[in-house]
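Per the numbering used here, residue 1 is the first one in the sequence shown, and the count goes up by one each step.
Note that these hints are calculated values from the structure, not bench results. Beta carbons: idealized from backbone N, C-alpha and C, even for Gly. One or more hints might be untrue.
Pairwise CB distance ranges (calculated) [as the list claims (entries may be wrong)]:
(1) Ala19 with Ile69: 22 to 28 Å
(2) Ile92 with Thr68: 41 to 47 Å
(3) Phe44 with Gly71: 40 to 46 Å
(4) Arg197 with Asn141: 52 to 58 Å
(5) Trp50 with Ala91: 15 to 21 Å
(6) Pro73 with Ala113: 19 to 25 Å
(7) Ser108 with Gln45: 57 to 63 Å
(8) Ala19 with Arg197: 55 to 61 Å
(9) Asn116 with Phe147: 23 to 29 Å
(10) Ala113 with Thr167: 53 to 59 Å
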Amino acid sequence: MSTTTCQVVGFLLSILGLAGCITATGMDMWSTQDLYDSPVTSVFQYEGLWRSCVRQSSGFTECRPFFTILGLPAMLQAVRALMIVGIVLGAIGLLVSIFALKCIRIGSMEDSAKANMTLTSGIMFIISGLCAIAGVSVFANMLVTNFWMSTANMYSGMGGMVQTVQTRYTFGSALFVGWVAGGLTLIGGVMMCIACRGLAPHETTYRAVSYHASGPNVAYKAGGMKASPGFGPTTKNKKIYDGGARTEDEVQSHPSKYDYV
Numbered sequence: 001m002s003t004t005t006c007q008v009v010g011f012l013l014s015i016l017g018l019a020g021c022i023t024a025t026g027m028d029m030w031s032t033q034d035l036y037d038s039p040v041t042s043v044f045q046y047e048g049l050w051r052s053c054v055r056q057s058s059g060f061t062e063c064r065p066f067f068t069i070l071g072l073p074a075m076l077q078a079v080r081a082l083m084i085v086g087i088v089l090g091a092i093g094l095l096v097s098i099f100a101l102k103c104i105r106i107g108s109m110e111d112s113a114k115a116n117m118t119l120t121s122g123i124m125f126i127i128s129g130l131c132a133i134a135g136v137s138v139f140a141n142m143l144v145t146n147f148w149m150s151t152a153n154m155y156s157g158m159g160g161m162v163q164t165v166q167t168r169y170t171f172g173s174a175l176f177v178g179w180v181a182g183g184l185t186l187i188g189g190v191m192m193c194i195a196c197r198g199l200a201p202h203e204t205t206y207r208a209v210s211y212h213a214s215g216p217n218v219a220y221k222a223g224g225m226k227a228s229p230g231f232g233p234t235t236k237n238k239k240i241y242d243g244g245a246r247t248e249d250e251v252q253s254h255p256s257k258y259d260y261v
């Protein structure tokens, strides 16, 4: 898969995931009434993160918002916070990813800048998807705990012979929407991070060339530089040029016109 395709697919999956997170947060059916052992079926109750609703058999539905914050369970408040943080991070990542798309050129933006923006948006999408999955999972765990506690209380009277009327809640459709949306956002973020590697410019390697100052112990050749191994008063220093090897005495015996300047 090419870099552009991977980036666009991750961008589209992240958009779908973010839209699903927003939809799941606003839905009212996070928990629905379990009608399996309920003797009253004319009333159906369900709750969300922001309000509780009652639907009658005639089709009339009445919803009542939660007018309190401190009076709500701590787990419900934590789920609210996780979903809101996930939506905010996903929205910021969406804005960053729009400018990071390879098919969109804004001014003289370099590929390295687009690679960094793609990586940033991918990390934000990953965190957003994890927040959504964590929030939905915490709420589902709370429902499972309350369900089995309610079931135990229903059959606790007179050795389990008398069943008390108690409302039990089970998974609502919003939980499944949140799980799918969080997974899409997470996958989209991972694909954006993978696309970042293709957008980063490749580093060019250059040969390292060392230069040495010419001195009395340095001999020059056409193929490069080589240090003379001779050290001491008995060693004659020589310079080798492209035209042929000549000693310093021979060079000095034939002065050039530049020597008199």
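* Of the hints given before, which are not true for this structure? -> 2, 3, 4, 6, 8, 9
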